Structure formats: structure tokens, C-alpha cells
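Undergrad: Respectively, the protein sequence lines represent chains A and B. So for the first sequence, this note's numbering puts the first residue at 1; every next one is plus one. So for the second sequence, this note's numbering puts the first residue at 487; every next one is plus one.
Since the hints were made in silico from the structure, they are not lab data. Model, not experiment: these values are computed from the prediction. Glycine residues also receive a C-beta, built at the ideal position from the N, C-alpha and C atoms. Just to be clear, a hint being listed does not mean it is correct.
[To be verified] Below, computed lysine to aspartate or glutamate pairings styled on EDC-like, alpha-carbon distance capped at 20 Å:
#: 1; chain 1: B; residue 1: K653; chain 2: A; residue 2: E326
#: 2; chain 1: B; residue 1: K613; chain 2: A; residue 2: D226
#: 3; chain 1: B; residue 1: K653; chain 2: A; residue 2: E328
#: 4; chain 1: B; residue 1: K634; chain 2: A; residue 2: D269
[Unchecked claim] Now the stretches of chain B that chain A is said to cover, found in silico as 3 or more residues with beta-carbon under 8 Å:
#: 5; stretch: 608-622
#: 6; stretch: 634-640
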Amino acid sequence: MNNLRVSPENWQFLFSPKTVAVIGASNTPGSWGNNAVRALQMLSKERRVYPVNPNSPEIAGIKAYKNVKDIPEDVENAVIVVPEKFVPSVMRDCVAKGVKSAIIITSGFGEMGEEGRKLEKEIAEIARQGGIRFVGPNSMGHANTWAQLTTFGQFGEMPKGHVAVLAQSGSTCLKIVRSLNDSGIPLSNYVSTGNEASLTMEDYLEYLAGDPETKVIAAYIEGLRDGRRFYELAKKITPHKPIVVLKVGGTEESARAVKSHTGALAGADNVYTAAFKQSGVIRVEDDDELIDVVYALMNSPLPRNNRAGILSIGGGPGALAAEACEKEGLAIGTLQPETITKLDGLLSTRWPRRNPVDMAGPAASEMSVVMNLLSALIEDTNLDFILLIVPIIFDKDLLVKWVGIAPDKVQAYRESQEKSILQIRDKVEQFQKPVVMMWQWRGFSDPETTSLFRKGHFIVCGNARRAARVLKYLVWYRQYCVGAEA
Amino acid sequence: MNMISNVINDMKTAGKTMLTEIEAKQVIKDAGIKITETRLAANLKEALAICKEIGFPVVLKIASPDITHKSDAGGVKTGLKDAKEVKKAYDDIMTSVKAKFPDAKIEGVSVQQMARPGVEIIVGMFKDPQFGPVIMFGLGGIFVEVLKDVSFRLIPIEKRDAEQMIKEIKGFALLKGYRGQEPADIAALADVLMKVSSFVEKNPDIKELDLNPVFAYKDSAVAVDARIVLE
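Bound conformation, chain A alone:
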């Protein structure tokens, strides 16, 4: 079905169209046909939006047309939101008009059983013969931040970035996109791929491989149409552009849920695992891990090996971190004698002189001291990355409530912290060693402080287990890349 590869023009029309028709545009506030028109119109002045509706002369203040064929200029992209039974005739009109690309938001196709499958085949065939490649059906939208294009019906300017998200679930797509944005990671493209009757996961992957704005590709996969093609593509892409995949359907009931969701057959999960491993695809276990790993890939160097250095506010968190690392197959590095000498000058005489390093006592409350300790560990050639467990004292609320710093003094305190953190960033770059920062607090605590630590290219994690898993993935990925080069 998809032997036709997609031409660069097709992608251009799909992701950066100059003219868009919204077929099934509506004046009903909150409807897809209304949101899409307004968002498309609002986000770019250069783009011309044409609502299509047989009954309304005007949609959202824009002149509407009865049929896509009536639009007075070429249509590069059609957004189709009409009920499923009208989709075949709409697709025929699009072909007659010479529409270049489309997205079908409408659901009720292959995911709904035999009738729907027939209808889906029919529209795919009409489009194929007419030279139209389309997203969906049963898609929640597609977006390209660099062209400020979105068919998700979102409003507000989209931050431009370098991570692409492909998802065989619209809701999961949006959760990943939002979570990445919240973590300070803007996107390049994102697509809810729907039933993939025309454009497939493999097609998007091929496009993103050559997209200069996309540096990391994240995907949520339920089932592939052409696993072998995915594998061959991934093998070429991963040595220079990481691919992180969340794949579901590894258990009996989840495989059944997947089948009823997009009609995709999950296939043998252990063969997927093998294919991912063999092609350098990082397979994560849930969406939190996906975000953590993408964040790390965008911000941090890759660790050379698996030896952890642990610098902790206290003995307990250090022991927990060591256990989490070992459970994920990471090693606890042995400190070099020079490092022990350096730390002797910074810590109380009672420190245990081994990794994990317990910085208990006054040392831990002073940012500049913590940064000196961290520096010493980064310089240690027996360590490949550092887990840093910092005290809650760096949290703004606590500075005010517990330590009694006046709210207006917090700003000055922050500025001094920032200086230390930027010094560490230079160190991280120079030695190519990731530093993971963890709070003595559930979650990220104070967002201001979190963003401060992110400026230092620290990976920020909620707990040691998450940190250890991120590092495990990074270590694996680097070793894959080194092996692929050899």
C-alpha cells in the first residue's frame, strides 16, 4: 500500500502549506471545525485559510465556500473534519481540485470494524489515485512549530524547538508534547498519526531523518505497518539522531486494547525489542521515562561508561541512589586517591572517604561548597557521571519559610547560585560527564530553582530510580553508537 515514497513537495505541502482548506469548518464554538480555522488563521499572517461549509457563508469571520472546488486558488493542504460517510466524496472533490496533501481528523474507520475498514480502504484508494498523501484518519492533528502550523486546534504561539513527536494516539501525543514543553523542551514537528491509511510511522520517520530542525525523535508506537522498513530506517538514523520509543502491547490485554484502538496488530513484542536494540532505538517503559530521556539527550553529554559518582546530602539518599544504580546495571565507581585528598579539604574529618560521598553537615547547605565537591567528582577519571542529591535548602519557599530569608533577598541569593551553576555547566561540557540533580522532595519542587538547575545542563529527576534508568539508557545508547562506528 505504501510502496510510494513521499516526495519533498508532499511534505512541504503537509507541514508548511501556504493555503489550507478546512472542510467541515463550523461556527459552533469549541468544535474542531471552528478551533482549527481560528488557530490556523491566527498563528500565521502569510497563510491563507479557506473554510468549507455548504450552509454557512462565513466561518469565524472568514468567507466560507460551499465546496473545496470553489476555492479561487490552489489548495496545498486540506483539513477534513466532516462525518465519516462524507469523507469519500470530500476526498474525490479534493482530487478534482488538485489538493496536494490532507489530514483526516474524522474517526469511525478501521478502528470500528469491518464497515469502517472498507470505508478507510476506499478513501485511501481515492487519495492514492489522485496523488494525495494524508495523515489519519482518526488523527487528532499535526503540527510544525517552525511554520506555526497546527491542526490540533490549539491556540497561542508554539515555541520552536528541535524534538519531533510521532504518536499512534492523539491523547498520548498531546501529553508528551505538553510534558516536554513544561520541561523546557520545545518541539519541531508533532503528529498524531491515527490509522495510518496513507502516511505511516515509517514515512514520518523517513521525513524527520532529513529534517534539519529535528535533533531527537520521540515516538509512541502501538504497532508498525512495516517493521522491517522501520528497522532499516532507524539503523541509519540513530548513529546521528537519537530515536526514543515508547511501545505498548507487550502484555495480553494491552495488545487487545491496541487492536481495538487503531486496528494495529501488536505483533511479537520480543521481536520488537530485538529490532529496537539492534537498530539503536532507545525503548523506554513509560511516558515519564520518555520525557526524562529526551530531556537528557537534548541537554547533557552521553556518559562514556557506567560508573556512577554519588554526591548526597546524607547517608540514606546516597545508599538509595547506589541501590537504584546497581539494580539498573550501573556500577558505583571507586574514587581516585587524588579525589579523596581534594574532598578531605572540603568535608568534615568524619566523612567515610568513599563513594557515595556523604556531604552531611554544614558543607551541604552552602552552594559554593557543593559545587566544589561536584567539581572534584567530575574530574575523577573513575567516574562517568554524577548523581547529585541536593538539600531542600535550595528551594525558594523553604528559604523563606524555614531559613527566614526575606522574599526580596531570595533574588540575590538566586543570582549567586546561578553563578556557581554556570561554572558547573562549563565543567560538564569540558569533561563530557552528565550530572543528574535530585531534590529531597517529591517531584521538582520549586519550578524557579528547577529551571535554574536546568541552565546548568543538569538532568533533573524526581528520584534516584528514575535517574538511574535515564543513565542506563544513555550508557546503552552511547555504547551502541560506539559499536556502530566500529
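Start from chain A and add chain B according to the hints.
TA: For chain B alone, coordinates are given in the frame of chain A:
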């Protein structure tokens, strides 16, 4: 490689999809994988000549398209150490089989080298509807049957894939030697995987392939049985 294609082409021409033990073993041998030698002998004289060539001890098995459960028919004799034992085994097999299956068409006996015991390994290959040919590695017996302790890769594999497949299984520690048992030759096992991969790659008509078991020794690995099914 020509030989392999010929066997497979002949099978295809004849419309057959299941290779006999002797055919499958011949194919595996030609693929460059060490396998216990198995040959067909039409009579006792031929059987003795084969023994002389491949060396004792040997296994004799009745060769008949009409007898599937060879042991039940008294058609299998193992651990035969010299010509005298082979002669007696041959006579016993023929007597027993003729008594139990008087109408069976008998082609003779297969003469097979007796492999000394080693660590039992399974190497398999099947076709996945999504990813095409897949190769499997695991330890034999309960490890594969109960614990499903196996690893997979897509064909073709590279050397590092073969090495990772072996190291990836939970039972890898057993291959490194334990309780005085000698360690298995990991490089030889990796070589078997590589050869199966390249053989399957060159012969896309193969639907399934099993080397079960392969015996791993400290300095080599030998396939003891082979099964090949064509599309």
C-alpha cells in the same frame, strides 16, 4: 553455497517443504556449521564402511518413510563402539522392524556420529510477519521450555549482535562454566549464529530452521540435530 541452493531447489521442484534429517544436516554442513555426520547406508556393508570413515561411537537409526516413531519400532541403537556392535545392532534393528512393521518400505539405516555431551544450546529461526526472518538463541531443555530464556535478533546479524545475543540470556553464567564444568566456546557459538544468519539471508525460501540441540564444548560447538522447513 551452490550445494545448498541445489538441495533447496530440488525440494521446491519436487513440491516438498520438509527436509529429511539427512537432507537438513547436509544443508547445514554445507553452510559451514559443524554437525554430527549422518549418512544413509542401504545395507550392513555400507554401514560399516561409513563407520570406518566417520569413526566410533555411532548411532544407527532405521531409515523408512513409513516409520515415524523409530525408537518404538526398536529402530534406534546408540553408543555403538566397534564393528561387532554395529553388526549386532543392525541385525537387531532389522529383525525388530520387520516383525513390527512387515509392510514398511525400508531404505536402510542412517549412521550417525555420536556426539559427546556438552552444554545444550538451541539455535532457531522463524519469520515474523512484521520484521521478516528472526534468529533465536537459548539454552536447551527447561531454559527454553519453561523459563523462555531466549534472545532474538533480526537477520542479518553482525558479529556484535551475535555476541550480545549470547550474553543477553539469563543463563549466560552457565556458559562461562560452573561447578567445575568447562566453559563453552562463546566464539564458536557466535560463529554458528553468524552462519545461520548468512545462510538464511542467501536462501529466502527457508521458513523455519532449528538446530536443536547444539552441543557447546570448551573449544567448539557441534549441531546434533537439524530441522528445516521451506515456504
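Undergrad: Each hint needs a verdict: does it hold in this structure or not?
TA: Each hint tested on the structure:
| no. | hint | result |
| --- | --- | --- |
| 1 | K653/B / E326/A | holds (18 Å) |
| 2 | K613/B / D226/A | holds (14 Å) |
| 3 | K653/B / E328/A | holds (16 Å) |
| 4 | K634/B / D269/A | holds (14 Å) |
| 5 | 608-622 | holds (count 6) |
| 6 | 634-640 | holds (count 4) |
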